[in-house]
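**Student:** The residues making up each chain are set out below.
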Amino acid sequence: MTKNEFLKRLEEQVIMPDEEIILTPDTVLDDLEEWDSLAAVAFLAFSDRELGVHVNPDQLKNCKFVRDIINLVSSKLTE
Amino acid sequence: MIKSTHVSIRGICSALPKNKVDLSTDIPYFTTKEIRKTLNVIGTNTVFRALEDQTTADLCTTAAEKVLQDLDWERDTIDALIFLSQTPDYVLPATSCVLQHKLGLSNNCIAFDITLGCSGYVYGLYIVSQLVQSGGIKRALLLVGDTISKLISPQDRSVSLLFGDAGSATALEFSPEVNEISFVMGTDGAGAKSIIVPAGGYRERYNANSMTKILHQDGYLRAHEDLYMNGTEVFNFTSEVVPRLISEILEMHQWTDLDVDYYMMHQANKFILGFLANKCGIDITKVPINIHKFGNTSSASIPLLMTDSEVILNKKDRANLILAGFGVGLSWGAAALTLKNATLSTVYV
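Protein chains in written order, with my numbering: chain C, 974 to 1052; chain Y, -14 to 334.
Next up, chain C with everything else stripped away, as it sits in the complex:
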C-alpha cells in the first residue's frame, strides 16, 4: 500500500469526514469531529488487519496531525 492509498482508506473507512473535507497529512486531528474513540478503534483494527501493524493506543493518543498517524505505520507503506 502506498502512503496515498493509505490516506484514502483512512478517509473512507476510518474517519469518514463530511464530503467537504479531504484529508491531507497536515490536517489537524482535533479539527476533525469524526476523529473520536470509534475512529481510533477502527484505525487500530485497520492497521492490524491490513498492514499487520499492532499500534499501541498510547502512541495514537499523541498524534496531532494526520501525518503522525501515517508515521505510525510508515514502515509498512511504500511511497
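Derived by calculation from the structure, the hints in this document are not laboratory data. Here the structure is a predicted model, which is why all the values come from computation and not from measurement. Just so it is clear, CB atoms sit at the ideal spot from N, CA and C, and this is done for glycine as well. What you were told as hints is all true, and nothing was included just to trick you.
Sample of chain C residues with no beta-carbon within 10 Å of chain Y, all distances over it, derived: (1) N977; (2) E978; (3) R982; (4) E993; (5) T997; (6) D999; (7) T1000; (8) L1024; (9) R1040; (10) K1049.
Taking lysine-lysine pairs in the DSSO-like style, the calculated list, with each CA pair at most 30 Å apart, reads: (11) C:K981 - Y:K255; (12) C:K1034 - Y:K178; (13) Y:K178 - C:K1037; (14) Y:K264 - C:K1034; (15) Y:K22 - C:K1037.
Stretch-level coverage of chain Y by chain C, calculated; a stretch enters the list once three of its residues show a Cβ under 8 Å from a Cβ in chain C: (16) 19 to 30; (17) 209 to 219; (18) 258 to 272.
Position chain Y against the provided structure of chain C, taking the given hints into account.
**Tutor:** Relative to the frame of chain C, chain Y by itself:
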C-alpha cells in the same frame, strides 16, 4: 489443564426487562449523525433496560423460577446457589443469600456472590462445575446478570448506546457419565482502569462530588459514579488476548475449528466480533450475534446468546460449543463443551 468431567448443563433461562429502548430514536443527547455512526460500528439497535425498581436479582429470580419449572426440580434439591454480577442488590449481605430465601431453597443450600463482568459466565461455569463434579453438590443454580444501564452516564456516547440489561439462570447437575468441559482463564489487573466505575467502593467513597458530570479529555460527559471505558485500550487487549484464548481452548479440548458448531462470544460490539472472527480464522457463520437486539449485556451476554440461539441449538442432538468472555478486570475465560438435552428459554419481565 482445567477440566470438569462429571457435570451437565441441564437448563438455561434468560430474563429481560420488558422496557424496550430504541437507540436510534429514544436517546435525546446526540445528533442523528453521531447516533447513526455509533450504531453502525457497534451494531446495537434496541436494548432492554431495567426500570428503577428492577434489579439484576429480580431478573435472575424470574429466570431461576422458569428453569426450575422447565426441569421440574424440587426446590429443596438445590445444593448451591451462586449469584455472579457487578450490580448486586446490596453492598452486604450477599445477594445470593437474599435469593436463597426468595426462591424458597433449603437452609442447607450454600450461597455466595462473585463479582465479575464479561468473563463472568465462563468463570461461573468453572467454579460451579468444580463444586458439582466432586459429587458433594448434586444440583446447583448459577445466576448471572447485570443492569449496566444503571451505571452509565446517558450523555456518554461511548457507553450509553451500547449496554442493555439481562439476567440468567443456569441449572447444573452432577453427571455419572463423563461429560468434559475444558476451561482456559486469565487476568491482567494492569488494565483495571480501562473499564471502571471509580466511585462507590472503598477506594473512592461515594461523596458529594460523585454525581458531578465532568467533560473529559475524550469528549464525553460523565461523573465518578458512572462507568468509564477506554475503547482503544480495550480493543488493544481484546485483539491480543482473544485469538490466543481461542486457539488454547481448542487445543486443550482437542478440537479444531471443524469440530465446533458455534462460538458463543461475549457480545462486546459488532465491530470487534467481526475483527476477531477474521483474526482467529473462524467461520463467521458459526459466530451468532444478537447485539442488535439486546446490546452488550455484560455477564449475561453469553447465556442470553445461548437461549436466544435456541432454534439453531435444538436442531441437533448435541452442539459443540466454545464460549468466550473477555473484558472488565481485565479478565478473560473460554470454555469448550458439548450441550445436549438442555432446556433453553428466554422470558420478559
